[in-house]
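Asks: Chain by chain, the residues run as shown.
2 protein chains.
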Amino acid sequence: MQLIHSVAELRARLAQEMSVAFVPTMGNLHEGHIELVRIARQHGSCVVVSIFVNPLQFGPNEDFDKYPRTLEADCAKLQGLADVVFAPMVGEMYPEKQTIFVEPPPIANELCGAFRPGHFLGVATVVLKLFNLVQPQIAIFGKKDYQQLAVIRQMVIQLNLPITIIGAETARAADGLALSSRNQYLSADERTEAAFLSQILRGMGVALKEGETGYAGLEEKAGAALAKRGWQVEYVAVRRQADLGVPEKSERYLVLLAAARLGKTRLIDNIEVGL
Amino acid sequence: MQLIHSVAELRARLAQEMSVAFVPTMGNLHEGHIELVRIARQHGSCVVVSIFVNPLQFGPNEDFDKYPRTLEADCAKLQGLADVVFAPMVGEMYPEKQTIFVEPPPIANELCGAFRPGHFLGVATVVLKLFNLVQPQIAIFGKKDYQQLAVIRQMVIQLNLPITIIGAETARAADGLALSSRNQYLSADERTEAAFLSQILRGMGVALKEGETGYAGLEEKAGAALAKRGWQVEYVAVRRQADLGVPEKSERYLVLLAAARLGKTRLIDNIEVGL
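If you read the sequences in order, they're chains E and V. Numbered according to my numbering, the first sequence terminates at residue 275, and the numbering increases by one at each position without gaps. Numbered according to my numbering, the second sequence terminates at residue 275, and the numbering increases by one at each position without gaps.
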């Protein structure tokens, strides 16, 4: 496994590769990331993992500075799984002030986007830059960041990128909590409570499978249940899988998404429900 | 030479090409375009020319509908010069409503951009799409559209596109008029007068070479001279070559740009001046 920090070295290393599978990450790797890399391994003869905490996708009051950076441990976990780890400094990715951006589709202004203005513009822009650097045939993203995956899929289609996007299932702790680098911000009590986010989504899924079609009512009830237990709820939403639009009652491919804060920690989760 | 209309066929045709030189055009090819293709021929073992009148870069009151479309004649001119002509229908480039755009840099709002809101967003977006379809190593653009070339150059750098951009000199008629598809909108009298646009820029260049540093005064004088002869002037500007910024008096690499209407026809021109 080769650790590369510079764009020039990355380009030189990948110049002759014909089949690259790419996993972009912000590092602090957990089992969820490793599963993405395993999937990449199945699809490419060369597996590239990027580790880059992208300032462009953090708001001014978000956790860019304290976001955990654990490059050495990350590389240890990738040993034997990845061929190349690309871990550039901020100045390598943004040698000049970035003034050209990917303007994401309208869905980027809803759900998480409504609470994190500019977030998906920053995500789409850095992912496009990384795609252009790595030039993979395949890229793997976790469904944990469902809206991000939707934005990337739309970007790939609308910008005619020659890349196949694979969405990988969310890895979870035994109690159902979706794995996330931000889980380590939680206190012990918060960590116990955190599992409730996935539980309430699963509960909504059961109701939908039993024939419930009152989406707004379901959303409200789940939001109230979270709030009662001390969560600050950003949103709970029933959406279409295909484009994250608000579904008709006849829609069969649904996804339930939620974002809420427990203390100072913002958690998101989602589950797909096929009817 | 192969004429291709579909994205799928284009991708299949180019899959095995290792050295592609690309000339994106809106068709209605004149000697200026042909020169771009000749330059491409020197740089790539496979030369791709696209012919696509891109609705995204035309404003609602611009000439998208009447823009000359002359595919058969264009192909005849490219015979023996291009390997692939890619001429998609609008629905092939935009199978769904485009909601993802390349947001161009601030310079895109000045000069032509100030008079054609959204123009460079449309240009940058379609050029990125074409780059992703053709995946060239080299792309050639005319200096005639100097601001477009600057936007594309910045896009390539900031989005890390693995493409070398070549800017080619403007082809001119004997009287100095820059070749342009829009010249054919001119009446006979207008065509005679049209050469004055390049003449006044050359005059400004002479003044600069003689030591003039009052850029604003030069711009005003040239604008007034055009207006007096019946031109509706949009702008006459002295700028830095590097980034089209407003130059200091010490700047040595200048470009003089102008846009003005003669009757209903909008003409642009520019000349580089090295001091």
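Don't take each hint at face value.
Identical chains blur together in the list; that is why a pair holds if it fits in one copy or across any two.
Stated by the list, open to error - Simulated crosslink set (SDA-like; lysine to any residue; CA at most 25 Å straight-line):
1. K97 with I165
2. K249 with G211
3. K77 with Y235
4. K97 with L121
Hints listed in this document are in silico derivations from the structure and should not be mistaken for laboratory results. All figures in this text were calculated on a predicted structure; none of them were measured in a lab.
Asks: The structure should be examined with respect to each hint, and the outcome stated for every one.
Replies: Results for each hint:
Taking the shortest alpha-carbon separations for K97 and I165, only the inter-copy value of 21 Å comes in at or below 25 Å, while the best intra-copy value is 29 Å. Taking the shortest Cα distances, K249 and G211 sit within 25 Å of each other inside one copy (10 Å), while across copies they are farther apart (74 Å). In this assembly of identical chains, the alpha carbons of K77 and Y235 never lie at most 25 Å apart, being 34 Å within a copy and 59 Å across copies at closest. For the identical chains of this complex, K97 and L121 are neighbours both inside a copy (15 Å) and across copies (19 Å), given an alpha-carbon limit of 25 Å.
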